[in-house]
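Chain A is fixed; fit chain B onto it per the hints.
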Amino acid sequence: MTTASPITEVLHREGSQQPDPELLRRLYSYMLKCRIVEERIRVLYRQGRFAGNYFAAVGQEATEVGTTLDLQPEDTVAGSHRNFVTNIMKGTPLTLLFAHIYGRATSPDQGRSAPAHCGYAPLNIITPSSTIAAQQNIGTGIALAYKMQRKPNVVVALTGEGATSLGFWHEAVNFAAVHKLPIIFVVENNGYAESVPVSLQTAVEDISIKAAGYGIPGVTVDGNDVVAVYTAMREAISRARSGAGATLLECKTYRWYGHSEIDPAKYRDPAEVEYWKSRDPIPAMERNLASRNLWSDQWKQELTAEINREVDEAIKFAESSPKPQEDEALDHVYSFSIRERELKRKVWSPRSQMGASWR
Amino acid sequence: MTYIDAINSALHEEMERDPNVFIIGEDVGRMGGAFKATKGLLDKFGSERVIDSPLAEGAIISSSIGAAMAGLRPVPEIQFVDFITPGMDALTQQAAKLRYRSAGTQTCPMTVRVCYGGGVGGGLYHSQSNTSWFIHCPGLVVVAPSTPYDAKGMLKAAIRNDDPVMFFEHKKLYRSIKEEVPPEDYTVPLLKAAVRRKGTDLTAITYGYTLQLTLQAAEQMKKKHGAEVEVIDLRTLSPLDTDTFLESVAKTNRAVVVHEDNRTLGIGAEVSAIIAEQAFDCLDAPILRVTAPDVPLLPAAAELERFCILSVEKIAAAFERTLDN
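As given, the protein sequences belong to chains A and B, one line each in that order. Taking the numbering used here, the leading residue of the first sequence gets -15, the next gets one more, and so forth. Taking the numbering used here, the leading residue of the second sequence gets 131, the next gets one more, and so forth.
A couple of the hints might just be wrong.
[What the hints assert, rightly or not] Just so you have them, the derived chain A footprint on chain B, three or more residues with Cβ under 8 Å:
| hint | region |
| --- | --- |
| 1 | 195 to 208 |
| 2 | 214 to 223 |
| 3 | 261 to 271 |
| 4 | 281 to 295 |
| 5 | 344 to 356 |
| 6 | 375 to 383 |
| 7 | 398 to 411 |
No wet-lab data here; the hints were simulated from the structure. Being a predicted model, the structure only gives us computed values, none of them experimental. Just so it is clear, CB atoms sit at the ideal spot from N, CA and C, and this is done for glycine as well.
So that you can see chain A by itself, here it is in the shape it has in the complex (with noise of 0.2 Å):
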């Protein structure tokens, strides 16, 4: 197990080869594509607009990015309710994200699952479901499915610290480390549980250390250090690509607003929030952008007109799809259609062996 590691550590362990200057400013951009489009969903909760309820990650963007950029299309991300923004590091449309929101039938699952649980089959991204430790484990499934096939995909399964509790994450963790499977357990753990802090969750300083107990590494960054982040992730994918196995990576950070858009979140202590707002992943990675030249306001302002633009044609596109039909709640449920079951009902007649009729 290493500790978190500062931007300079991380660059130093790389010696002298410096990072690419396009990689650094694509991490930046992700994050702040990301910050936008959920502070904008935020908006869009707040004014009304759709229905249901969301679970921003605003604040951990240096996690999300750093363990999900880059990935391959075919490699799978087994995520949970706070890591919607992950689909836009994978690939999935901004237009496909917003339909999802509003539930319109244009959406990748056509208005069946609840806002944050975006999927996308296309790019392997599991549409999560609300029980935590799940998607490890159907994760870990996929990884065997990649090892068996002989394909050099990883599987990327992410929850917070709140699920390392559960005796479910433990058997994904496990199966994994005795088949040395393709995936990287993240627990990104910000701090709190919905309301339950960590130092309720568990008696360990560091999560990592129980990585320990299945014979897998295990590495703690710190979670708003998206260089940081991308580089751990990238020692721990590469490991997995090449058959050494699983890995898990502790990823500190923190969650800027409550577990969901109706959680006030008054059992924290307002100075921590503060300090880990003064502790913002994006300005971080502008300082470190600006300390090598790669930095300039009017880039960024640029940056952030295209990403709203790309925001408001999504969301127009949303709020101009056609929401499902009504009974379209009866399509998928099997691989064979069920309305016939559903909507006629054949009623028999007393004595008539062929006397049925439908009503």
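For chain B alone, kept in the frame of chain A given last:
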């Protein structure tokens, strides 16, 4: 061929036919399964396709779900349905909903083989039926073949089906009955009930092991009362083939549902409700259910078990009450 050999033969043939089919479960490899259903598979197909899993039902089922999503055809084995509870989230919230929650873009062609049923002194954790837990989950297909012929043909059909299938095998069927099973490839379609005995006076509806008891009770009715009981084997418990038993009830005007699971919200409750809704005018007598009482199943001592388990006598008594009405 016995039921267990029919299962074993289906597994051998399907694994030969399709390299995507694999087996995973506790003791399925080196030991060939607690009941020897997977005998010989490890030697023939190797440890990558016959996986002795860690002792973790949640991981057995979840890893099967993921593998199925990624294009494989897993056939996990759960030794006893009594042990399936750690895998309940995986089955009821993941496997059952995956197709639905992704609008058909993510699917789970998995066949979970589960051993169920009592009458062998297995006690509270080796005797249950619990089919209703899964019948209550749209998205899961629940089947319970009652004969060796069906066991082989339905297992093959289940493995080739694109839905998650819960495949219930009664442990008393494994070695108690034999019948001719074709050595060649065949399938028995899912979702279709079978008429196992023709009759005109009463319709008995059952599945799995209790079909044997029901057929014996039907013979008693013929001998004692000259009454002809029509016996329907549901074969698939969800989604139900309702037409087969409704057509029969429309003809016989009497119905008895027989199952080994608890009474409340067992399949008998559903079948009775469907008959009441769709063939009420055809009935000449109240629908009766012959089931286990609503106690945890099954107490270990022989006397207690005998009270709870079904018998030919209990079924025959219900037939007589219905015929007397």
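Hint check:
{"no.": "1", "hint": "195 to 208", "in the structure": "holds (count 9)"}
{"no.": "2", "hint": "214 to 223", "in the structure": "holds (count 4)"}
{"no.": "3", "hint": "261 to 271", "in the structure": "holds (count 3)"}
{"no.": "4", "hint": "281 to 295", "in the structure": "holds (count 3)"}
{"no.": "5", "hint": "344 to 356", "in the structure": "violated (count 0)"}
{"no.": "6", "hint": "375 to 383", "in the structure": "holds (count 6)"}
{"no.": "7", "hint": "398 to 411", "in the structure": "holds (count 4)"}
Against the hints set out earlier in the document, a violation occurs for number 5 only.
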